[in-house]
Amino acid sequence: MSTTLYVERVSPVHRLNPVTKLVALLCLLVVVFAIAQWWVGVGVLLLVIVPAAVASGCGGVLAGFALRLLLPVLAMLVLVQGLTYPGGQTVLWEWGPLALTTEGLLFAATIGARLACLVCASVLLVLTTHPGELMSALTEKGLSPKFSYIISSTLQLIPSFRDRADSILLAQQARGLAVPRNPLRRLGVLMPLLGPLVLGMFTDVEERSTAMEARGFGSTARRTSLVPVPDTTAQRVARWVMPALAAVAIVAPFVWGSR
Amino acid sequence: MTDQGFVVLDDVTYAYPDADRPVLHGVRLEIAAGSITGVVGASGAGKTTLAKLISGFIPQVDGGDLTGTVSVGGRDLAELSLVEAVGQVGLVIQNPFNQISGAKYTVREEIAFGLENVGTPRAEMAKRVDDVARLLRITDLLDRSPYALSGGQMQLVAIASMLVLRTPVLVMDEPTSQLDPAGTRLVFDVLNTLEEAGLTVIVFEHKQELLQAYADRLLVLAGGRIVADGDPTTVLADDHTEEWGIGATRFTRAARIARDRGLLNGGVLPVSFEQAVETFGGPR
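Quick note, the sequences are listed as chains Z and X, same order. Taken in order, the first sequence gives residues 1 to 259; the numbers are from this note's numbering. Taken in order, the second sequence gives residues 260 to 543; the numbers are from this note's numbering.
Treat the hints as calculated values from the structure; they're not laboratory data. There's no promise every hint is true.
Footprint (simulated), chain X over chain Z, 3 or more residues, beta carbon under 8 Å [said to hold, decoys possible]:
#	stretch
1	175-187
2	200-211
3	214-223
Note that the Cβ used here is the ideal one computed from N, Cα and C, for glycine as well.
Isolated chain Z, as found in the complex (with noise of 0.2 Å):
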C-alpha cells in the first residue's frame, strides 16, 4: 500500500530540485491571484502547467484529479456567477429574474482559473514530488526538520486517510450499512463514521510520534543526508528570478497604469 501520490517517473520536472517546485508553485499562485484577470490564470494554465504535467508524464494522473474535484465547483461557479453577478450590465440569455451576463461570466472565468491554477499545480508538485525528497530538500535549506516533516506527511495524509474512510465504511456495510445514492443522505449517513475514522488516526499518528522519536527525530544535532537532492546553479538563479519577475508581474500594471 502507498501511502503517497507521488508518481514515479524519469522526467525534467522529477529531476528539479523539490525547493524550486515549491518556489515556482508560490511564484504563480502569487501572480494568479494578484492580478484579476481571467486570461493570467488561463495563460498559467496553458503556457506552464499543462506543458509541465506533459513533460512529467503525469498528465494523464493530474486531468483525472482536475477533473474530478474541478468540475463540479466550476459548473456551480458558472451558473452562480453568470447568473447573479451584481455587476453584470451586458445580458446574453435571460429567464425571468435570471439574466446570463458577460461581466458575470468573466468573473466566474476569473476565479475558476485561479482554482484551477491553484488545484493543478498543487497537485503536478504532489504527483512530482517525492515526500522525503522535499523533507531533505527543505531541511537542506535550513527549514526545522519538524516543520519540513509537517509538509511532506500531510501529503501521504490523503491516501492515508481514504484507506482507513474505505476499510471502516466496508465493515459498516457488512454489517447491513446501506448508503444511499443521494449525495445529502448518503452525507447524513456517513457523518457517523467520522469519529471512528478521527480516532483511529490519532491513534495512528501516536504510534507513528513514539516511532519517530526513538529513531532521533527530537535530537537538537544538525541533520545530514543519504542521499543528496539534487541541485544546479541554474535553479538556484531561478529561485531567485521567479520571486522577482512575479513581483515585477504584479507590481508593472500598477506603473504602466498611472502614466
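Dock chain X against the given chain Z, drawing on the hints supplied.
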C-alpha cells in the same frame, strides 16, 4: 553494574497522568547484557507501559507518576533527555506500517533516517546501513520502496532502522501482532542474529511457542506485577498460566489432561510440538 544487571528496574511503580491507580506495581528486574528476554501477559497487564518505561518514553513523553528507578548500562533513564534515552534503547512497536517514516523513497534511505536525525556523516551512514542490511539479510530490499514490502519485511526494516543506531538494548513491543505466520517467523529468526551480535533484546509477545524456542528467559506480567520469572519452558508449563491470564499452548493443555488422567508422570510439561513429541514418546 554487572552483566546480570544491564537493564535494571528497581521497585518501579508507575501511574499514567490522571489515573486513579498504578499500571505497574513494585517491579524489580535485572536483565543480563546480550540476552533475549521474553515478556508475556494478558491485554492490560502493563506490557506496553513496561516497554515504554524501559525505552525512556515514560515518563519523558507520557508524564505520570513514577517511583523507583530504571537504568540501562548503569545510567538512570530519568536523568537522560529523551534523545539520550533513545540512544541507549531502541524501540520496535506493534504496527510496522506506522514505523515507516513516510518521508523516504527507498528502504536504504528509510533505514538511514535515524542516523540523519542525529547528524551522522554520509559515508558512515552508508556503511552502517549496508552492515545492518547484511546482518538481517535484507540487502535485496535496499532499493525497494518501504511501502512495497510485506508486513514481515516491513518489520525487519523497522528493526534494521533501530539496529543502525547501535543502541545496546532493543525493546520489541508485540512486533509480530500484525504479521502472518511467515512474517512472524522472519522476525523471530532475526532474534538469534541479534543475540549473537551482543544485543540485549526484550520481546513483549503473546506467541508462547516462539518465545519458548527463542527466549533465554521469560517474565509473566499480570496486573502490573511480575508474577513469574525463569526458564521459558518452566514458566509456560506452570499450572498457574490460566490464572495469570496467558493461557497455555495446546501441547501443554493436552499434557495437563494426560497427567490428570494418570497417563503422564511428573516433570515439566511440554510447551512446543517438539517437546510434546518427546514427552509422549514420539510417533510410532
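These are the hints, each one checked on the structure:
| no. | hint | result |
| --- | --- | --- |
| 1 | 175-187 | violated (count 0) |
| 2 | 200-211 | holds (count 5) |
| 3 | 214-223 | holds (count 10) |
Of the numbered hints stated above, the single one contradicted by the structure is hint 1.
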